[in-house]
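J.: Fit chain S to the supplied structure of chain Y, relying on the hints for placement.
Residue numbers (the numbering used here), protein chains in the order written: chain Y, 47 to 509; chain S, 47 to 509.
Simulated from the structure, these hints should not be mistaken for lab results.
Keep in mind that the hints are not guaranteed to be accurate.
Identical copies go unnamed one by one, so any copy, or any two together, can satisfy a pair.
Stated by the list, open to error - In silico EDC-like pairs for lysine to aspartate or glutamate, Cα to Cα no more than 20 Å straight-line:
| no. | residue 1 | residue 2 |
| --- | --- | --- |
| 1 | 445 | 91 |
| 2 | 456 | 412 |
| 3 | 260 | 287 |
| 4 | 366 | 385 |
| 5 | 475 | 488 |
| 6 | 448 | 172 |
| 7 | 316 | 337 |
| 8 | 141 | 91 |
| 9 | 344 | 175 |
| 10 | 260 | 210 |
| 11 | 264 | 337 |
| 12 | 204 | 175 |
| 13 | 495 | 484 |
| 14 | 448 | 435 |
| 15 | 292 | 173 |
| 16 | 381 | 82 |
| 17 | 500 | 488 |
| 18 | 292 | 337 |
| 19 | 204 | 151 |
| 20 | 443 | 304 |
| 21 | 204 | 150 |
Number of protein chains: 2
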Amino acid sequence: MYKKVDNKDIEYLRSVIPANRILVHDEISDDYAHDELGGIEVKPEVLIYVRSTEEVSKVMKYAYENEIPVVARGSGTDLVGAAVALEGGIMICTKQMNHILEVDETNLTVTVEPGVLLMELQAYVEERDLFYPPDPGEKSATIGGNISTNAGGMRAVKYGVTRDYVRGLTVVMPNGEIEHFGGKVVKNSSGYDIKDLIIGSEGTLCIITEAILKLVPKPAYSVSMLLPFMTMEKAIEVVPEIIRSKASLTAIEYMSLDTIISAEQFLGKKFPDTNYEAYILLTFDGNSMNEIQDEYTKVANLCIEKGAIDGYFVDTDERKKSVWNARGAFLEAIKASTDLMDECDVVVPKGKVADFIKYTHEVGKEVGLRIPSFGHAGDGNLHIYLCKDSMAEEIWKQKADKAFELLYTKAREFGGMVSGEHGIGYAKKPYLARQVGENQIELMRSIKKVFDPKNILNPGKVC
Amino acid sequence: MYKKVDNKDIEYLRSVIPANRILVHDEISDDYAHDELGGIEVKPEVLIYVRSTEEVSKVMKYAYENEIPVVARGSGTDLVGAAVALEGGIMICTKQMNHILEVDETNLTVTVEPGVLLMELQAYVEERDLFYPPDPGEKSATIGGNISTNAGGMRAVKYGVTRDYVRGLTVVMPNGEIEHFGGKVVKNSSGYDIKDLIIGSEGTLCIITEAILKLVPKPAYSVSMLLPFMTMEKAIEVVPEIIRSKASLTAIEYMSLDTIISAEQFLGKKFPDTNYEAYILLTFDGNSMNEIQDEYTKVANLCIEKGAIDGYFVDTDERKKSVWNARGAFLEAIKASTDLMDECDVVVPKGKVADFIKYTHEVGKEVGLRIPSFGHAGDGNLHIYLCKDSMAEEIWKQKADKAFELLYTKAREFGGMVSGEHGIGYAKKPYLARQVGENQIELMRSIKKVFDPKNILNPGKVC
Chain Y
47 MYKKVDNKDI EYLRSVIPAN RILVHDEISD DYAHDELGGI EVKPEVLIYV RSTEEVSKVM
107 KYAYENEIPV VARGSGTDLV GAAVALEGGI MICTKQMNHI LEVDETNLTV TVEPGVLLME
167 LQAYVEERDL FYPPDPGEKS ATIGGNISTN AGGMRAVKYG VTRDYVRGLT VVMPNGEIEH
227 FGGKVVKNSS GYDIKDLIIG SEGTLCIITE AILKLVPKPA YSVSMLLPFM TMEKAIEVVP
287 EIIRSKASLT AIEYMSLDTI ISAEQFLGKK FPDTNYEAYI LLTFDGNSMN EIQDEYTKVA
347 NLCIEKGAID GYFVDTDERK KSVWNARGAF LEAIKASTDL MDECDVVVPK GKVADFIKYT
407 HEVGKEVGLR IPSFGHAGDG NLHIYLCKDS MAEEIWKQKA DKAFELLYTK AREFGGMVSG
467 EHGIGYAKKP YLARQVGENQ IELMRSIKKV FDPKNILNPG KVC
Chain S
47 MYKKVDNKDI EYLRSVIPAN RILVHDEISD DYAHDELGGI EVKPEVLIYV RSTEEVSKVM
107 KYAYENEIPV VARGSGTDLV GAAVALEGGI MICTKQMNHI LEVDETNLTV TVEPGVLLME
167 LQAYVEERDL FYPPDPGEKS ATIGGNISTN AGGMRAVKYG VTRDYVRGLT VVMPNGEIEH
227 FGGKVVKNSS GYDIKDLIIG SEGTLCIITE AILKLVPKPA YSVSMLLPFM TMEKAIEVVP
287 EIIRSKASLT AIEYMSLDTI ISAEQFLGKK FPDTNYEAYI LLTFDGNSMN EIQDEYTKVA
347 NLCIEKGAID GYFVDTDERK KSVWNARGAF LEAIKASTDL MDECDVVVPK GKVADFIKYT
407 HEVGKEVGLR IPSFGHAGDG NLHIYLCKDS MAEEIWKQKA DKAFELLYTK AREFGGMVSG
467 EHGIGYAKKP YLARQVGENQ IELMRSIKKV FDPKNILNPG KVC
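So that you can see chain Y by itself, here it is in the shape it has in the complex (with noise of 0.2 Å):
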């Protein structure tokens, strides 16, 4: 169906970009095959590190015209295939288009290439006392990656999600034009919200070149608390309590014994504490020192009222590397910890997470799976980890296919989406269809043609 890419097509991208930037076939790593969690591997053809929005359109319009498929990628930290070659053809690597190009003070707005780094924009923009607020556990994640999956983090409590903080993009579209929208405007009613379609369709729309994006005056305090609970109901159960108090909360995740523990024996570090069963973590951030004060008080003394053993402040440098390190570390501990995992990033109501994470609880006793999970209980988005250990093959499979049915069938029943921050990519497409219904993927799938009426950008994704 799609043309494979032979010698001329090489010769000619060599002719649009340095050759020293193109790798073919054998030259490209198998890193570029899979993504984070590895569920489908497939080689591109030729991988190409571009530099510049224009690079991008040459590219693009040639693979348009001699319809080759086209998959742009980033970090790769995704986890759910979005961004692997699935029909090989070209891959537009990012990670050389990393630059931050302006902070602007009167708009407070930073434009970046899309390869930049989450953690390299984080710390530009703190050095000049502003603030990027969304903040996804994956630090290593380019912002190009982190727009098309709209991610969230641990900061939506308070400052929302990736979404929130796009004002402006530059794309490429499927057939190599450059088109501009939104801007450094911050209110904009000026026909359909094309940006806003982009933001999380997971580079199936056209591909990212430049972002503007909103800036906050950095807070002058943060302040984080760590509270131990007997049991696991007890620790979420509080959540729900917590919100309904209207206190002003940065962060709300909360984490197992059984994580940290994980974590630990990955990171062979001490967590501050591993005598309680379960842990919720709590930020508080702000201008005012005794505002902050007031709601961290008002917040433990509920915790503890509800069952919390103690409230521990996360203050010295070593225990806020401890704790942070830990819970930046969790992903890549359960994954060491088994031979394979897969993953369900459901979002849920704010109200339902302690629902929902008994649940997982009684599939894991149920299908006989081990599902660590840990998560953003401030916002209702959980990482859920199926865990194959050493089962056979087909076993886990066939475990997995039924956990998973039965915890996207209780998301729906609550009220929740098959997707908090990481996307549909390939692993979710068919939990996307069967939430959504035949109309609204219908609707997607037309969407998609109008952009991209040769189906050649990251082609078999989403919907």
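T.: Same frame as chain Y, but now just chain S:
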């Protein structure tokens, strides 16, 4: 091209909607032929007051099968002809779908029908110590209308716009199918973001029949300050300085003496001070009075250093009333001061506000038109009015065309957009096309076709 409504159609409609909620031809008030600005007048053939999603679905299904155009309308307060039935046909009025269905205190959401008025929603949630931040000047607009134009308002500086508060939508598609997009969830990365495509689409893609809106805890304190300046230049030049100071403000509004005098005359009520040429109105809110005091002291000192004559608190009930009533009456007052007017709702990057307002004065002089303006200086969204006064029709048209051309060209130059919050509707179509170019208009038209292949829903609008 479209089918005209005949007796058979009316008979069918009366079989699915009670007859007392269906008006035909001369029974329909002239008010339904135009919007608030009244730039274009066409009467629908049938006006139906719907009361449920199912009723809208039945009407829409019939209209689709019979190719009768349909326009949904709330309070009709728009200014660009978006709610006018250009092609006649059926007007669906949502005014009687005005129920607040649920306040969910755990998820901090409110579920509403589209005909709920903004002022009703605000009052309802504030009684429950909750807060719906979007605050457009026109409080009698419906929430359905606010969503359809992505209305912004005064508090966008701190809280963002309507889009940021829409979590879920129930809609009726042009073919009558009922669909749900989003939900109570905070994060979402589950396929293309159709919900945000619908927001701001001015009723051209589907009809919104229910919305789940995000709420926040009501801030405990809100303080406003009025600062007079000797000249308009001095007043608006202080705005970027305030923004660069990284102070936390809720609103920064600017108002000129001539607009204030118009409002005084219109209302027959005195404004607290009319001794100076220009005023800036600032609002601060939060839960800590100490923090608010720190902020307004810092900002007031900065303003006085940069030329403010004084800083009055808008604190007594009487003063609050006189200032906010005047602010709320600006549009009506300017309208009353002239035979006819047209408006320009551009949004420019915040740092360009001062330059743009100065440019409106130049254009006024150059073209020979009175061009009063007011607006949201803190977010770059300006409301600029071209006044016909007693000019001859012919000359007015020429002058207005020239002025619009100059204003929109300058906005583009500054990286601004045609509309910040009033939308494109019928009146601003040529300016949108010029701004975004043929490719993007074609993209929008193709998206419109995906939703509405027969082009029966609000035809002739946006693109």
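J.: Take the hints in turn and mark each one as holding or not.
T.: Here's how the hints hold up against the structure:
{"no.": "1", "hint": "445 / 91", "verdict": "neither (35 Å within a copy, 60 Å between copies)"}
{"no.": "2", "hint": "456 / 412", "verdict": "within (14 Å within a copy, 65 Å between copies)"}
{"no.": "3", "hint": "260 / 287", "verdict": "between (32 Å within a copy, 18 Å between copies)"}
{"no.": "4", "hint": "366 / 385", "verdict": "neither (31 Å within a copy, 66 Å between copies)"}
{"no.": "5", "hint": "475 / 488", "verdict": "within (13 Å within a copy, 29 Å between copies)"}
{"no.": "6", "hint": "448 / 172", "verdict": "neither (45 Å within a copy, 45 Å between copies)"}
{"no.": "7", "hint": "316 / 337", "verdict": "neither (32 Å within a copy, 38 Å between copies)"}
{"no.": "8", "hint": "141 / 91", "verdict": "within (18 Å within a copy, 58 Å between copies)"}
{"no.": "9", "hint": "344 / 175", "verdict": "between (29 Å within a copy, 18 Å between copies)"}
{"no.": "10", "hint": "260 / 210", "verdict": "both (8 Å within a copy, 14 Å between copies)"}
{"no.": "11", "hint": "264 / 337", "verdict": "both (16 Å within a copy, 15 Å between copies)"}
{"no.": "12", "hint": "204 / 175", "verdict": "both (19 Å within a copy, 18 Å between copies)"}
{"no.": "13", "hint": "495 / 484", "verdict": "both (16 Å within a copy, 18 Å between copies)"}
{"no.": "14", "hint": "448 / 435", "verdict": "within (17 Å within a copy, 72 Å between copies)"}
{"no.": "15", "hint": "292 / 173", "verdict": "between (32 Å within a copy, 15 Å between copies)"}
{"no.": "16", "hint": "381 / 82", "verdict": "within (10 Å within a copy, 60 Å between copies)"}
{"no.": "17", "hint": "500 / 488", "verdict": "both (17 Å within a copy, 17 Å between copies)"}
{"no.": "18", "hint": "292 / 337", "verdict": "both (14 Å within a copy, 19 Å between copies)"}
{"no.": "19", "hint": "204 / 151", "verdict": "between (23 Å within a copy, 16 Å between copies)"}
{"no.": "20", "hint": "443 / 304", "verdict": "neither (24 Å within a copy, 74 Å between copies)"}
{"no.": "21", "hint": "204 / 150", "verdict": "between (24 Å within a copy, 18 Å between copies)"}
Violation of the numbered hints given earlier is confined to hints 1, 4, 6, 7, 20; the remaining hints are satisfied by the structure.
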